[in-house]
Amino acid sequence: MPQSADKILDHAPLFREPEYKEMLARKAEFENMPPAEQVTQIADWTKSWDYREKNFAREALSVNPAKACQPLGAVFVASGFERTMSFVHGSQGCVAYYRSHLSRHFKEPSSAVSSSMTEDAAVFGGLNNMVDGLANTYQLYAPKMIAVSTTCMAEVIGDDLNAFISTAKEKGSVPADYDVPFAHTPAFVGSHVTGYDNMLKGILEHFWKGATAKPDGSLNIIPGFDGFAVGNNRELKRMLDMMGVDYTILSDVSDQFDTPSDGEFRMYDGGTPIEATRNAVNAAATLSLQEYCTPKTLEYAASFGQKTKALHYPIGVGGTDELLASISELTGKPVPEALELERGRLVDALADSQSWLHGKTYAIYGDPDFVYGMARFVLETGGEPRHCLATNGSKVWEAQMQALFDSSPFGAGCKAWGGRDLWHMRSLLATEKVDLLIGNSYGKYLERDTKTPLIRLMFPIFDRHHHHRFPVWGYQGGLRVLVTLLDKIFDCLDQDTIEPGVTDYSFDLTR
Amino acid sequence: MSLDEGTINDSALPERLIAEVLEAYPDKARKRRQKHLGVSVTPDAEEKAEGALSECDVKSNVKSVPGVMTIRGCAYAGSKGVVWGPVKDMVHISHGPVGCGQYSWSQRRNYYIGNTGVDSFVTMQFTSDFQERDIVFGGDKKLEKIIDEIDALFPLSKGISIQSECPIGLIGDDIEAVSRKKKKETGKTIVPVRCEGFRGVSQSLGHHIANDAIRDWVFNQDGSEEAFETTPYDVNVIGDYNIGGDAWSSRILLEEIGLRVVGNWSGDATLAEMERAPKARLNLIHCYRSMNYICRYMEEKYSIPWVEYNFFGPSQIAASLRKIASLFDETVQQNAERVIAKYQPLVDAVLAKFRPRLEGKTVMLYVGGLRPRHVVNAYDDLGMVITGTGYEFAHTDDYQRTGHYVREGTLIYDDVTGYELERFIEGMRPDLVGSGIKEKYPVQKMGIPFRQMHSWDYSGPYHGYDGFAIFARDMDLAINNPVWGLFKAPWKKDAA
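The listed protein sequences derive, respectively, from chains A and B.
End of the first sequence = 511 in the UniProt record's numbering, gap-free, step of one.
End of the second sequence = 496 in the UniProt record's numbering, gap-free, step of one.
Note that these hints are calculated values from the structure, not bench results.
Treat the hints with care, since some could be wrong.
Residues of chain A placed beyond 10 Å of chain B at every Cβ, according to the derived structure [said to hold, decoys possible]:
| id | residue |
| --- | --- |
| 1 | SER4 |
| 2 | GLU82 |
| 3 | ALA122 |
| 4 | PRO273 |
| 5 | GLU337 |
| 6 | GLU342 |
| 7 | ALA399 |
| 8 | HIS466 |
Below, a list of computed lysine-lysine pairs in the PhoX-like style, where the Cα atoms sit at most 20 Å apart [unchecked claim]:
| id | chain 1 | residue 1 | chain 2 | residue 2 |
| --- | --- | --- | --- | --- |
| 9 | B | LYS145 | B | LYS183 |
| 10 | A | LYS237 | A | LYS333 |
| 11 | B | LYS145 | A | LYS54 |
| 12 | B | LYS279 | A | LYS27 |
| 13 | B | LYS301 | B | LYS323 |
| 14 | A | LYS395 | A | LYS444 |
| 15 | A | LYS7 | B | LYS353 |
| 16 | B | LYS353 | A | LYS27 |
| 17 | B | LYS31 | A | LYS171 |
| 18 | B | LYS28 | B | LYS48 |
| 19 | A | LYS107 | B | LYS445 |
| 20 | A | LYS307 | A | LYS47 |
| 21 | A | LYS7 | B | LYS342 |
| 22 | A | LYS433 | A | LYS360 |
| 23 | A | LYS7 | A | LYS27 |
| 24 | B | LYS158 | B | LYS184 |
| 25 | B | LYS353 | B | LYS323 |
| 26 | B | LYS28 | A | LYS171 |
| 27 | A | LYS54 | A | LYS27 |
| 28 | A | LYS169 | B | LYS28 |
Virtual Cβ for every residue (Gly too), placed ideally from N, Cα, C.
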């Protein structure tokens, strides 16, 4: 009997015990699975160039895509405003999914409500669900603002949010002057980064519509959809404070997704104050840290005479240089010496470790701005970002990536793959091997299938804890990314040289 | 069925809490919600004679109230996420936009043995990734192409299921016609499932639709008859999704008492195991809620009886083994006694180790299909007391069955809202809450230990004797971890 009270075995060791191995072998007799030789043959074929060509010829099927749908981005961005509840109009299962998805990554509560539309609403429209739903949310959860977005069900039947919300206000669901910004966020257009843009623009439109900007010299900063937002936004604020900039972060989720354990559940915490959001129309400029999260929002900000600029996820030396230079340019504040010191420390660390990084090859996937920023940092370390993939990346993004590759000798032979998925990535890794894979938790299947060591630096990270509490932006964040890369490289090298008397001559004490 | 009859929970507190939470609602919502909340009461004589400990009479299986933060999911989650997703040698297409498949990808921990991407596909996300043009022009042509591409790139897949997301039913696609056509062309099983998320009121209708799809598109298909030698001991395990290996730690017991499990639905299942099911002698059903439909059908059509069982905790395991064995010959019955005796020392050792650490601790549950009642006696075996329980998507028959497990005075909540659950937990201050990922972190922040009871919090298995040891360990580590003593800063200790 494998189990004992002294040494309790859970799934990982339990099923390797002889009793279970025998049982599983008996089960196999009832399964009619294909013979082992055939499985090996097909498994080998899936890693061949022939398979890769067939795989890349796919036109309709998506396998293991690295993107989510619009409302996830809408719920994320709305949660970065003071006491704001996301209200997603449509089927209720979707909301259960967004909440679970965010909770699994952040290991934090994620609150959002649904208008719970069912078959009758599909026929007659979801007006009643909106009217009742807003009243219930307002009463039960006492939000300062309810941000309305949509699931694809409501989009397909064509529910009109503007009209519905007006009617709900007329019927007294919420006070007439209560803030209910909205955005249509169809899941069949774009991805979660699109939903981020749409909802953010919806919130700004709600507060800015009809306003005349009275420029106050401040700076709006939009972080974009970011799994590392807790660490990153705090690092961003630290740097802005060091520069003495008057700023507003438009959607700051850093406190919402990092509440303390002290006996009280805070449904809402932190976030951009409503008043600050309203006043942000007066900013001199709006700076987006992720271009693909903000095209419509920046256009809208520009319509108030604001200067606008978009970056690509500021990782590493060049990425942070560009961030600080942009802030400086838009606000007239110089970069302080203290930040220059931090820059020097990051460069120092890179120099100390350069021999271990030079010439390493990488595959990187994730949201388009992350992939760009990450590849840029890899190039700075003397690494080669060979396969760069964004399922929600466009042709324009591919061209931007190519320009990045062309800017460095280490970019030769690197290629960007927009619109491709992780099953494409599997073919790339199987046919053109690289040293390291950078992505999210889904990448562990690629690590298993192609033996490419995985580094998790992209949302979502389900199977490692608390990474998001530390920044990857700024020079300080750059240090953390650097250490993450190095730890993986050294751990792999140690694993590879650990066999006593066989390979351990290279099991060096000092590296 | 409880071993610890006679004890009654105090109903005053739960009654007060129900009154308090209802206060918070607008009138219309209050009227709807109050029918879903209750406290279990003394059963009538007839129920008592049938073994009921209490009566749990709340309204269920109706639409959720909009805007209240229901914890429920949808029909797609019930079909793809629960019933079909674990079938390992088939490809399950999340048909529609990308999100549904993405959020449910690999999240149910349906363990399986197989070469993923080659002969097994459970932890992969196949989607038609609908774009605007698919909504406008329809997705049937795309679906046809997808099936061809799956056939070419995944040649060892035994079949395909098409899991409909919301838009499919709204834009009038004919996935049944596509399925029939492609089945003819590829010779493989193709199963269209109309589990659009807006259908029904919860996951529950998705289970039913998924069961019906097995009936209509897997059973009685031409050419699917395999030569199969039956024995009088052939059984199917129905409604065990092998979460963390549950079905394996169950199967080992069923084999030990001399039964032959010819099909396991649907954890670690193959299409062959589903097709073969009508040849079994008996269906053993664990998750009644999600798979009773197909058992009833098999009973009607193939005269296969079915029996519910419960493999959580030693008292229910022993009772279930005896109940199952009683449907077979004396050898099996003797085997059952032998198996129960064999595991008794393990049970004794586990109880000796953990019961003193858990005795008298109170537990509140809020889960899905069968667990809000099925795990009650496992806690009971450890000396723990259930003070509140409820289901996301139960029907009346589930609440009737619940009366056989929980004491009088237990707080019962159907389709509980975030607001209610938080207030109930705050008011009851149980020693442990068992619920899902969305509930985990709010509860823990309140300083109350928590275990996810959908995914076993990444542990498991919890079924069977081997699983009970893990269950006991996990409840102990949740409750008796030192972190719960760190919440208050020392300088604040006397402040209150």
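Quick check: which numbered hints come out false for this structure? Of the numbered hints given earlier, those the structure breaks are 1, 3, 13, 14, 16, 18, 20, 23, 25, 27, listed in rising order.
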